[in-house]
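Keeping their order, the protein sequence lines are chains A and B. Take the working numbering: the last position of the first sequence gets the number 327, and nothing is skipped along the way. Take the working numbering: the last position of the second sequence gets the number 1325, and nothing is skipped along the way.
Any given hint could turn out to be false.
In silico DSBU-like cross-links for lysine-lysine, where the CA-CA straight-line distance does not exceed 35 Å [claimed, not checked]:
id, chain 1, residue 1, chain 2, residue 2
1, A, K124, B, K1124
2, B, K1123, A, K124
3, A, K124, B, K1173
4, B, K1148, B, K1173
5, B, K1059, A, K124
6, A, K124, B, K1148
Computed far set for chain A versus chain B, every beta-carbon distance over 12 Å [unchecked claim]:
id, residue
7, S27
8, V60
9, I67
10, P97
11, L111
Here are some of the chain B residues that sit facing chain A, going by a computed Cβ distance under 8 Å [claimed, not checked]:
id, residue
12, M1054
13, L1056
14, K1059
15, W1087
16, G1088
17, R1089
18, A1092
19, M1093
20, F1095
21, D1097
22, S1100
23, H1103
24, P1104
25, I1105
26, A1115
The hints are simulated quantities; they were obtained by calculation from the structure and are not laboratory data. Glycine residues also receive a C-beta, built at the ideal position from the N, C-alpha and C atoms.
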Amino acid sequence: MTARFVVLRLLRLVAVLLVVSALCFLSLNLLPGDPARAILGESGTPESVAALQQELGLDVPMGERYITWLGGILQGDFGRSYANRLPVADIILQRAPVTIELILLSQLIALAVAIPLATVAAVKRGTAVDRGISSLVFLAVSVPSFVLAFVLIWVFAIKLGLYPANGFIPISAGLGQNLGSLLLPSLALAAGPAALYQRVLRADLAETYGQEFMNVARAKGVSPLRMAVRHAFRPSLLGLTTSLGVVVGVLIGSSVIIENLFSLPGLGSILATSVSGRDYVVVQGVVLVAATAFVVINAVVDLVYGLIDPRLRKARVTRRAGAVPVA
Amino acid sequence: MTLLSIRDLVVEFPTPAGVVRAVDHVSLELGFGERLGVVGESGSGKSVLARTAMGLTRKGPARISGEVVIDGRSILGLSERGRRALWGREVAMVFQDPLSALHPITPIGAQIAEAVRRDPSVKKEQAAKRAVELLEIVGIPQAARRAKSRAHELSGGMRQRVAIAMAVAGRPKLLFADEPTTALDVTVQARILDLFDELCREFGIGIVMVSHDLGVVGRHTDHVAVMYAGRIAERGPVKAVFARPSMRYTSALMAAIPSHRAERQTLPKPIPGSPPNLLAPPPGCRFAPRCAFATDRCGTEQPTLTELSGGHEYACWHPGQEAVR
Ligand SMILES: Nc1ncnc2c1ncn2[C@@H]1O[C@H](COP(=O)(O)OP(=O)(O)OP(=O)(O)O)[C@@H](O)[C@H]1O
Ligand code: SF4
Ligand SMILES: [Mg+2]
Chain A
1 MTARFVVLRL
11 LRLVAVLLVV
21 SALCFLSLNL
31 LPGDPARAIL
41 GESGTPESVA
51 ALQQELGLDV
61 PMGERYITWL
71 GGILQGDFGR
81 SYANRLPVAD
91 IILQRAPVTI
101 ELILLSQLIA
111 LAVAIPLATV
121 AAVKRGTAVD
131 RGISSLVFLA
141 VSVPSFVLAF
151 VLIWVFAIKL
161 GLYPANGFIP
171 ISAGLGQNLG
181 SLLLPSLALA
191 AGPAALYQRV
201 LRADLAETYG
211 QEFMNVARAK
221 GVSPLRMAVR
231 HAFRPSLLGL
241 TTSLGVVVGV
251 LIGSSVIIEN
261 LFSLPGLGSI
271 LATSVSGRDY
281 VVVQGVVLVA
291 ATAFVVINAV
301 VDLVYGLIDP
311 RLRKARVTRR
321 AGAVPVA
Chain B
1001 MTLLSIRDLV
1011 VEFPTPAGVV
1021 RAVDHVSLEL
1031 GFGERLGVVG
1041 ESGSGKSVLA
1051 RTAMGLTRKG
1061 PARISGEVVI
1071 DGRSILGLSE
1081 RGRRALWGRE
1091 VAMVFQDPLS
1101 ALHPITPIGA
1111 QIAEAVRRDP
1121 SVKKEQAAKR
1131 AVELLEIVGI
1141 PQAARRAKSR
1151 AHELSGGMRQ
1161 RVAIAMAVAG
1171 RPKLLFADEP
1181 TTALDVTVQA
1191 RILDLFDELC
1201 REFGIGIVMV
1211 SHDLGVVGRH
1221 TDHVAVMYAG
1231 RIAERGPVKA
1241 VFARPSMRYT
1251 SALMAAIPSH
1261 RAERQTLPKP
1271 IPGSPPNLLA
1281 PPPGCRFAPR
1291 CAFATDRCGT
1301 EQPTLTELSG
1311 GHEYACWHPG
1321 QEAVR
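In isolation and in its complexed conformation, chain A is listed as follows (with noise of 0.2 Å):
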């Protein structure tokens, strides 16, 4: 990668992260509800909402604010919580291991079942048995992932009583029950994005199959699996590339639903409960690191995909153009 192709990404990157903070810090000042009104509660007076105002910095107008906020944050201060006090950048810390964890855990989930149902489905195109897999597919896409949700907690936790259905255990306590307490919502936020892995990579294949260098493959007497390992995958990976750095932003959408339905420590459910109790500081924060990882997320994927396939180093970009999320 040259160095032009480095500079170019981290502008964007700053770029990218100034529009975001600048719109959320503006939405959510315009939102109506006070963070002092809403901490104080019905006991509240005038007097002394005004005063936790005053205390929490809320009378300085918002532009001044913003910038205050910003200049926090290139020290690495964040601000503290409105609601307890606590520095946001602990909070983010200490939560930002669960979410990390579970969307990992959901996209290898995903990716193990999308490639092999990709890979047989290519492979055996036209048939039965791709058509099978397409229906599963589409039903998998049709189904939010909270609907999947409420479903495994209903079926593993309260009907087979398998599990439990609310609680994380750390890994501090073990990885194995550490891996089994994300399990479940793993699973909720697998299923979309691993529709639309399969559907996008038996694309990408079904194109590569028809390449005159698999028949020369083929011809060769290699072995069907040693064709779509060896052969067929590496040139197939632009859209399934292309997808992951899409789905990551939908993902951290997704979690917020998904760790409160679970009730999982992790940013999704502190997002929610900042937003619902106007806990600003705390929710700009969360959304500025979601951000910025979305965005490193893919200028990674861009470079894993430049060497997986030196040809084309500047196709994914023109192709994502075109690209439409679907999860």
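Assemble the complex: chain A is given as a structure, and chain B with the ligands must be docked to it using the hints.
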């Protein structure tokens, strides 16, 4: 002993517009160490014939009848698995378009090594070494370094040579070469054709060389088959066919070969018209609409193969060497 025997082969592709009969009752034979040239215009069915003879044409999209026997085994009767056991080891193919035939990402050395390793006794490192040797044999300079290149980093001529190296890597008994020298300049072309000659002489490999260039085929094959619209127009020993081309399409092809001899400084005469639409071919001789000697009979009745001299056969009602009146 017969290495390859094709009997009454018909290959049809049902398409929305109708059935395309790409190969129409073709019979051919080839012995060990022999070279057969298959010549014809674009679309005459040469590639489909070669692919089907190798067992590559899939039965889903195509309808196939007739018989293909390679070294005693009926290839069309074998399962995909049974054919795969032969592919790359007993029978191999140099595909027509070398750019699309090579894998876009895998380095060429590894692609050749994969073909070498069809022999399970060959170790990985040996195969890599052998791949470099093969690249040297087909005349790639700095073969060891080139082995790490990818297809898009090579010139057209080099890609074609890589495709050839890959096809001969498994030491097949029978090699189909589909236009193996089209992208090459004259020097490299001669070198590749000499290589083919050597493979036949020294290892007894049988070669089916597909080409649209009768001139090239003439100098490097023992037998020649001329195809027109899926049918055999004429076939026989090269010398006999060149001495007395009889079906008028062959005569026209001969006339189109640029002559290098001083006393015959005639310009090549291109054949007027274009090959028939295979969805609705002319009912009689397929060449009739373009033939200067066509009569009413040519338009209604299909000529069958008639023997002229030992093994030299033609399908024409009014045979002769002239292409124009
Ligand atoms: N899969 C297919 N489906 C339908 N028609 C096909 C298919 N494959 C080949 N054909 C048709 O069969 C005919 C013969 O094709 P083929 O590729 O064998 O020609 P060719 O002699 O090799 O020509 P060229 O010199 O251009 O390579 C063509 O008309 C082609 O359109
Ligand atoms: S059969 Fe008739 S139309 Fe066909 S090549 Fe001979 S003379 Fe020409
Ligand atoms: Mg061809």
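Hints, one by one, checked against the model:
1. A:K124 x B:K1124: It holds: about 31 Å lies between the C-alpha atoms, which stays within 35 Å.
2. B:K1123 x A:K124: Holds, at about 33 Å.
3. A:K124 x B:K1173: holds, 32 Å
4. B:K1148 x B:K1173: Measuring from Cα to Cα gives roughly 28 Å; hence the hint holds.
5. B:K1059 x A:K124: holds, 14 Å
6. A:K124 x B:K1148: holds, 33 Å
7. S27: holds, 45 Å
8. V60: holds, 58 Å
9. I67: holds, 50 Å
10. P97: Consistent with the label, P97 of chain A stays out of reach of chain B, its closest Cβ about 36 Å off (over 12 Å).
11. L111: holds, 20 Å
12. M1054: holds, 7 Å
13. L1056: holds, 6 Å
14. K1059: violated, 14 Å
15. W1087: Holds, because the Cβ-Cβ distance from W1087 of chain B to chain A comes to roughly 4 Å (cut-off 8 Å).
16. G1088: Holds. Min distance 4 Å.
17. R1089: holds, 6 Å
18. A1092: holds, 7 Å
19. M1093: holds, 5 Å
20. F1095: holds, 6 Å
21. D1097: holds, 6 Å
22. S1100: holds, 4 Å
23. H1103: holds, 5 Å
24. P1104: holds, 6 Å
25. I1105: Cβ of I1105 of chain B sits 5 Å from chain A, so the hint holds.
26. A1115: Holds, because the Cβ-Cβ distance from A1115 of chain B to chain A comes to roughly 5 Å (cut-off 8 Å).
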